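Undergrad: Here is what each chain is made of, one letter per residue.
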Amino acid sequence: MSDTTPQLPPGPDAPVTSPAIGRDEWVARHLDRRLPPRLGILHERLQNVPWFAWLVLFVAAASLLPAITSSGYVRRVGFDTVLYMLLALGLNVVVGWGGLLDLGYVAFYGVGAYSYALLDSPHYDIHMWSILSIPLVVLIGAIVGLLVGLPSRRLSGDYLAIVTLFFLQLFQTVATNGDQMFGHNVTGGANGLLNVDPLDIFGHDIAVQHEGVFAVAYYFIALGVFAVVFVALRFVNESRTGRAWRSQREDPLAAEVMGMPVNWLKLTAFAFGAAVAALSGSLFAALNASVFPLTFYFVLLITVYTMVILGGQGSQAGVVLGAIIISVLLELLREPSHARDLFYVLLGAGLLLTFKLSRRLAIVAAATVAFGFAAHAIADAIDHSWVAGTAGAWASGWVIVPERLASWVAPVSYVALIAAALGLTLVRGLLRTVLLVPVLYLATFVWENVMLAKPEPTRYIVLGVILVALMIVRPNGLLGEKRVEVV
Amino acid sequence: MSLLELRKVTLSFGGLRSVSELDLVVKEGEIVSLIGPNGAGKTTVFNLITGVYRPDDGEILLDGRNIAGLAPHRINELGVARTFQTLRLFLNMTVKENVMAAAYARTRAGPFRAMLRTPGMRREEREIERLAQERLAFFGERLMGYRWNQPAYSLSYANRRRLEIARATATRPRILLLDEPAAGMNPAETHEITELISRLRKEGGYTILVIEHDMHCVEGCSDRVVALDHGVKIAEGPFEKVATDPKVVEAYLGLGGTARK
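These protein sequence lines are chains Y and C, in that order.
Using the working numbering, the letters of the first sequence correspond one by one to residues 1365 to 1851.
Using the working numbering, the letters of the second sequence correspond one by one to residues -2 to 258.
None of these hints come from the bench; they were simulated from the model.
Be aware that one or more of the hints could be misleading.
[Stated by the list, open to error] Estimated spans, in silico, between C-beta atoms of each pair: (1) C/Gly142 with Y/Val1791: 18 to 26 Å; (2) Y/Asp1569 with C/Arg51: 22 to 30 Å; (3) Y/Val1592 with C/Asp60: 30 to 38 Å; (4) Y/Ala1591 with C/Glu126: 42 to 50 Å; (5) C/Lys24 with Y/Tyr1523: 54 to 62 Å.
[Stated by the list, open to error] Not close to chain C: a few residues of chain Y, all C-beta gaps over 12 Å, as computed: (6) Val1441; (7) Ala1619; (8) Leu1696; (9) Pro1775.
Small disclaimer: the values here were computed from a predicted structure and weren't measured.
Every residue gets a Cβ at the ideal spot worked out from N, C-alpha and C, and that includes glycine.
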């Protein structure tokens, strides 16, 4: 039929075939150039799923956690994870959107926790309703944020980092010595504040323990708060305030000249982050019924920063994902029985990321295990006690685990592993692939014999290794947008 | 009626006089070009007008009001917008957001109204978006459709220059300061920029002060030319007069230039 249809002369709306001024061929034809049909369309469709659909899906999935397990421990970990998610969302405002390196962030978390503890505890015998005290705590957090921001609003980068770090130290000092503040006991000093009230609904306490198990209510409250904070911050980010925050992050001078009051914007970003941190702090204090100064210190600061950087600063979904990964990882690594297998999962994932699904992946994996079996057999032949120790299910038969480790083995193998891993970065091509096999084997040996025995330092070492590896592969974090610093 | 007037504006950096007792008048609806060799102080004049630098002495009057010493964002609010010689876009934001961000000073909804998404805030947001689309549409298809949601760093050099102009106009200025809009452009693009400057006045109603090195561009678009050298005004008037002025030729080519002539 179509070839018999008479050709109509091109109308005024017909596409222009000759290049014209103001016309852009690249834009006009971009659809022809997208990825191979199905993959490209799928990719675009996934990108077009609105954020609130993902949020609803996520919150719905997260609400199923208490239904899946009745373990109080798991629920408690879930609650802590949601708190971390909140903290990461707040830090994302300051660092991700505001571009302000705020190293005093966890002090605001502490300010929130202490404020709640003072408003709801026998310390001053004030027992405010949660519905009043929590908004008050958020307000206090925001005001303290503004006050800390005021002297530092003209600073940026390293200078701001130092000033805020100083504030964290100041908070520590005040909280630790606050039991003799001008002769008054305000913060309880190193002993902290105890017997803090749980959350309540108009005066009716919500017990933290329900029949001896962690109460689900707290998990749901935290999840609800998280959803509200997520949406609220999202809306702010998509408003003129959010655009101005990000503009001054990109180029403060250009933003100022384009009519944006940069100093004020920095202050508000600071205050918003501080308010979210304070809100999380009040939930923390209510759940734990006590606050101590040392909770709000460097380890927590580094952990929250790791979450934001790993997930991708600037992306809300990213920092939430980062918080979940880090929080769950830290918890799994605490328990050697969980951590044992986790190592092999991480190792496999790392190899998969490096080699994709290629033949080299299979060769390296097979060679490592074969190398292991050979080494194991030789060690067994020389002295059976060298392999008589108990290895994990994944390691039995090929990783050498002696019955009793000579005292020199641990430090030597540990240092050798670090040296070998660093040395590996200096060689290229086939040699690297070949040398990877003994290094991987050494890593499994160190893991089974040295690191598993000391879970507390190990968790942070593993975290550091993951962070280093990921920052090399994806400098913008898991879900962070590609970014350019200077062009 | 003069929209912008500089009276004996002086600025020194240490012992160096960058701008010296400069008088400059730009009338409403005029296109004035500022020319001069490198280091003449042209961009410094822009920095003084926009409040990036505070003059040591002298007055800068916008519509009769002294704006010297005000914060840059206040000066922008009063109706002065500029582009930068070395592009300063918000690179990691989308093309549309770059323009929308510039509507900040002309809009009111704060973060709390944004959280609640009040009807007023949403109306304002729609207006900002419409404004951005309109400003980007000024450049034909170049910054349209697909490009709106692309990050600014993905744009070509010429398109970045166009986006800077779009961003500056989104602040709804009365006077537009363009700092070398044709720098780094090829001849066809330079020609397009020349036409664009005229269109900006005709369709946008802006008064324009432009720094430009490309003499075809200066000749094609400006009503009046002001030549600077070492921070001092050395010539002023229509293009033909300024271009042949011995002082200007000397500033560009040195004394030998006039001698060979």
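Undergrad: Next step is simple, just say for each hint if it's right about the structure.
TA: Structure-based check of all given hints:
1. C/Gly142 with Y/Val1791: 18 to 26 Å: Violated, at about 48 Å.
2. Y/Asp1569 with C/Arg51: 22 to 30 Å: The hinted range 22 to 30 Å is violated for Y/Asp1569 and C/Arg51, with Cβ atoms some 59 Å apart.
3. Y/Val1592 with C/Asp60: 30 to 38 Å: Once the Cβ atoms are compared, 46 Å apart, the range 30 to 38 Å for C/Asp60 and Y/Val1592 is violated.
4. Y/Ala1591 with C/Glu126: 42 to 50 Å: This hint is violated: roughly 27 Å between Cβ atoms.
5. C/Lys24 with Y/Tyr1523: 54 to 62 Å: violated, 44 Å
6. Val1441: holds, 30 Å
7. Ala1619: Answer for Y/Ala1619: violated, closest chain C Cβ roughly 7 Å.
8. Leu1696: Per Cβ check, Y/Leu1696 is outside 12 Å of chain C; nearest 34 Å; holds.
9. Pro1775: The assertion about Y/Pro1775 holds, with a minimum of 45 Å to chain C.
Hint compliance for this structure: hints 1, 2, 3, 4, 5, 7 are broken, all remaining hints hold.
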